[in-house]
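These are the residues of each chain, in order.
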Amino acid sequence: DIQMTQSPSTLSAFVGDRVTITCRASQNISPWLAWYQQKPGKAPKLLIYKVSSLESGVPSRFSGSGSGTEFTLTISSLQPDDFATYYCQQYDTFPYTFGQGTKLEIK
Amino acid sequence: EVQLVESGGGLVQPGGSLRLSCEASGFTFNTYWMSWVRQAPGKGLEGVANIKHDGGERNYVESVKGRFSISRDNAKNSVYLQMNSLRAEDTAVYYCARGKGLIDYWGLGTLVTVSS
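Residue numbers (the working numbering), protein chains in the order written: chain A, 1 to 107; chain B, 108 to 223.
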């Protein structure tokens, strides 16, 4: 199975900060990489697919980049609604594995 | 509006069985792959199984092979997950999801607890 490793596991930041979350795959998965946001007690929500394509309705402060095995999710200016857990996922090869998650907390 | 509504979760003893159902609405169900994704309490996400739009292809994560079976009824816009020989480690919220790998819509989830 393809292993997905996110860093950091927890991130504390202020409203207005620019933050970056990294996701590393155990083999080349380009361009089949997605990012999801999950809030407590809720289902995940798709933010970005195919490395950098923004899902409809997702604010433009979210962006994705990367290639091969290294990918990043960037939030350009954190808003109060952005504090949540973020997961990367590869959908190149079944089983379609997720990273362990990055919890974004308010500082 | 796309909606996915799961049902069938609950408390079951180890070794028992449970059948989850998911009713879909708001899209042309018979043109989409469907998946089940689970999340153990306080843990991350794990894809469990998926099924092609016509039911002609099904995939399972290794840990559930031989115990779980995914199926669908396109006439009822529904997808199912039959879970047998349940173990404590199967305890999780099970999400019905639209898509093969990339998931663009998720249900609210149904909790399955395996405990004696």
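Don't read these hints as lab results, they were simulated from the structure.
Some clues are possibly wrong.
What the hints assert, rightly or not - Pulled a few chain A residues facing chain B out of the computed Cβ check, cut under 10 Å: (1) Pro8; (2) Gln38; (3) Lys39; (4) Ser77; (5) Pro80; (6) Ala84; (7) Gln89; (8) Phe94; (9) Gly101.
Quick reminder that beta carbons are idealized off the backbone N, C-alpha and C, glycines included.
Quick rundown of the hints versus the structure:
| no. | hint | verdict |
| --- | --- | --- |
| 1 | Pro8 | 15 Å, violated |
| 2 | Gln38 | 8 Å, holds |
| 3 | Lys39 | 12 Å, violated |
| 4 | Ser77 | 26 Å, violated |
| 5 | Pro80 | 23 Å, violated |
| 6 | Ala84 | 13 Å, violated |
| 7 | Gln89 | 7 Å, holds |
| 8 | Phe94 | 5 Å, holds |
| 9 | Gly101 | 5 Å, holds |
In this structure, the earlier hints numbered 1, 3, 4, 5 and 6 are contradicted, and the remaining ones agree with it.
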